[in-house]
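> For what it's worth, the working numbering labels the leading residue of the sequence shown as 15, then goes sequentially.
Everything labelled a hint here was simulated from the structure, so no lab data went into it. Model, not experiment: these values are computed from the prediction. Beta carbons are placed, not taken as given, at the ideal position from N, Cα and C, and that holds for glycine. Hints should not be assumed to be uniformly reliable.
[As the list claims (entries may be wrong)] Restraint ranges, calculated between C-beta atoms of paired labels, are given here:
#, residue 1, residue 2, range
1, A67, R103, 11 to 21 Å
2, T76, H102, 31 to 41 Å
3, V49, L17, 39 to 49 Å
4, G66, D116, 17 to 27 Å
5, Y68, G105, 36 to 46 Å
6, E52, R94, 35 to 45 Å
7, R103, G66, 38 to 48 Å
8, D139, V61, 13 to 23 Å
9, E106, V49, 30 to 40 Å
10, V79, L57, 32 to 42 Å
11, G105, V61, 32 to 42 Å
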Amino acid sequence: MTLIEESVQVDVPLAVAYEQWRKVEDFPLFMRGVVSIERAGELTHWVVGVAGAYREFDARTTEVVPDERVAWAAVAGEVRQAGVVTFHRVGEDTTRIMLQLDVEPQGLLERIGEALGFVDRQVIDDLHDFKEFVEATHGGPPGAPRAA
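Please model the complete structure; the sequences and the hints are all you need to start from.
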């Protein structure tokens, strides 16, 4: 498995960032590789685009500490991953989000993509897209226009 560690600072209060992250059904709105996510009891069912192909997997939330951390692991399907995201108060309206993700590339194309840094780049892009999404929908920096 490959460990990816990335972080981003968002200009919204910690509780806002945490609550938006918990809305996994919204991930396709800002994560380019996520096609859909559906809740199925204790699991979430993911459809993702990886190296030009679609993969499906089920994930289980393994730990929740409100306003602090969420951990998960894939439990079935074509994707093997586990991760944790933590939320750190920087200021009243600023939060640092730190993501650790263990992924195991499947197949030759995914291994090549991982070796070339495409997986890291996707995680970085997804975190920055989350930043833009949560700031646009929940206020963002002072004076920034809000999304309708």
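> Work down the list of hints and note, for each, if the structure agrees.
Verification of the hints:
A hinted range of 11 to 21 Å for the beta carbons of A67 and R103 is inconsistent with their spacing of about 39 Å. In this structure the supplied range 31 to 41 Å is violated for T76 paired with H102, their Cβ-Cβ distance being about 20 Å. Between V49 and L17 the CB atoms are about 25 Å apart, so this pair departs from the stated range of 39 to 49 Å. In this structure the hint that G66 and D116 lie 17 to 27 Å apart at CB holds, the actual value being about 23 Å.
At roughly 40 Å, the beta-carbon separation of Y68 and G105 lies within the given 36 to 46 Å, and the hint holds. E52 and R94 have their C-beta atoms about 20 Å apart, which leaves the hinted 35 to 45 Å range violated. The given range of 38 to 48 Å is respected by R103 and G66, whose C-beta atoms sit roughly 40 Å from each other. Separation of D139 from V61 is about 19 Å and conforms to the stated range, judged on CB atoms against 13 to 23 Å.
Between E106 and V49 the C-beta distance comes to about 36 Å, which sits within the given range of 30 to 40 Å. Taking 32 to 42 Å as the suggested C-beta distance range, the pair V79 and L57 does not conform, at roughly 20 Å. For G105 and V61, the hinted distance range of 32 to 42 Å is satisfied, since their beta carbons lie about 37 Å from each other.
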